[in-house]
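Starting from the structure of chain E, add chain R where the hints point.
Protein chains in written order, with UniProt numbering: chain E, 1 to 230; chain R, 1 to 230.
Among the hints, a few may not be true.
Here are the simulated lysine-lysine pairs, BS3-like style, with alpha carbons at most 30 angstroms apart [to be verified]:
| no. | chain 1 | residue 1 | chain 2 | residue 2 |
| --- | --- | --- | --- | --- |
| 1 | E | Lys63 | R | Lys143 |
| 2 | E | Lys146 | E | Lys186 |
| 3 | R | Lys211 | R | Lys41 |
| 4 | R | Lys186 | E | Lys63 |
It should be emphasised that the hints constitute simulated quantities derived from the structure, not laboratory data.
There are 2 protein chains.
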Amino acid sequence: MAASDVKILGAWTSPVAMRPRIALNVKNVDYEFQEENLDSKSELLFKSNPVYKKIPIMIHNDKPICESLIIVQYIDEVFTSGPSLLPSDLYERATARFWATYIDDKWFSALFGTANPKTDQEKATAIEGLTSGLALLEEAFEKISKGKGFFGGETIGYLDITLGSFLGFLRVAETLSGMNYIDETKTPNLHGWAKRFCSDPSVKDLMPETKKLLEFAKMHFSGGLGAQRK
Amino acid sequence: MAASDVKILGAWTSPVAMRPRIALNVKNVDYEFQEENLDSKSELLFKSNPVYKKIPIMIHNDKPICESLIIVQYIDEVFTSGPSLLPSDLYERATARFWATYIDDKWFSALFGTANPKTDQEKATAIEGLTSGLALLEEAFEKISKGKGFFGGETIGYLDITLGSFLGFLRVAETLSGMNYIDETKTPNLHGWAKRFCSDPSVKDLMPETKKLLEFAKMHFSGGLGAQRK
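The shape of chain E in the complex, shown without the other chains (with noise of 0.2 angstroms):
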């Protein structure tokens, strides 16, 4: 597949655009990646999501998708030569996306929630909503990769990438409030599958360093972690 017939327009410190770049690395696709300035978007932008002017947004063969589950379960569907990233089994798949739904409508909200609470009960709800959002996907974790590596089993799969692409802000969290939510004691599953994760060739490349993603989250995030979200 030609990098011309691909394009994402993202930024390096944003998790959802993180999302399409690792389903077309593990379908091998090459693809152009355009790094958009998000306090100066470019008109491409505004013209392929006139609804959200957000980010991600994939343009294939002329074509806007938008929005970061939507681009991947697209890039799926249409790229059927590498591993696939939804599970065959319906009912699997069905699994999947609940958990994915799961993590971006409530346990990504106790993520950002953690990062700039006002009061000390803020915080202490939103530690609670993320280390038991944490204990219910490890749970899962074990029911749905039977065994294996990743979510997806074998390969990194859709919801590998939706819980993945999270941990780079993880770490931050980690970081700002000198808690590990993820370690071998509490999340052993976890622990191992964000190691492999982050460690895997179509992911390595693309996480950011926590040092810088913490200097930028200082730097922008007054509100919180999830000013990008989307």
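Same frame as chain E, now just chain R:
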């Protein structure tokens, strides 16, 4: 398909619980329906959706599937003998998913916000969000339906089900505000579509009467229309 294979847990007042039922009707699949008392939910509900403890839930061959749009996609993938709910063209499929996500994540909160605004400013913002969203969907209908009766073409599809399930509460919101949000002048495409949708055999026995729904809303939703969402 025997009714015993498929069971839906829902409530007559819930827009999102209507979605799997419409999808099964379009596919001509029999199912058993269990009306949940949301003040005293069943054991089966808690067991089947321990994460959210919410309707709708579909139980298929003793396995639960949760989240309305995930259930609708599952129904589309499992029961392939009926009409397709999602477009077969992959770009059109991504487009249907985009607008469905827009409706649930953005447009719905405006609909919800019109019900019990705390200030005139809040009311104006909600009405602006609701009507500008409908203007976008009016334009989208023209492109997506390609001159046919539904977003899904000749028959009701994924996006019809997503938006159409909110028509009952849209009428409640219209009654409460004394405004017509969908009408022949501002949104002629959606006006015709809403009529066709509500009189379709797969929908008409499921769409609650506005008067009954209004009574229910006044009794139950002091905080707004959306307490039962998901």
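Each hint, compared with the structure:
no. : hint                : in the structure
1   : E/Lys63 x R/Lys143  : holds (14 angstroms)
2   : E/Lys146 x E/Lys186 : holds (19 angstroms)
3   : R/Lys211 x R/Lys41  : holds (25 angstroms)
4   : R/Lys186 x E/Lys63  : holds (29 angstroms)
Hint compliance for this structure: no hint is broken.
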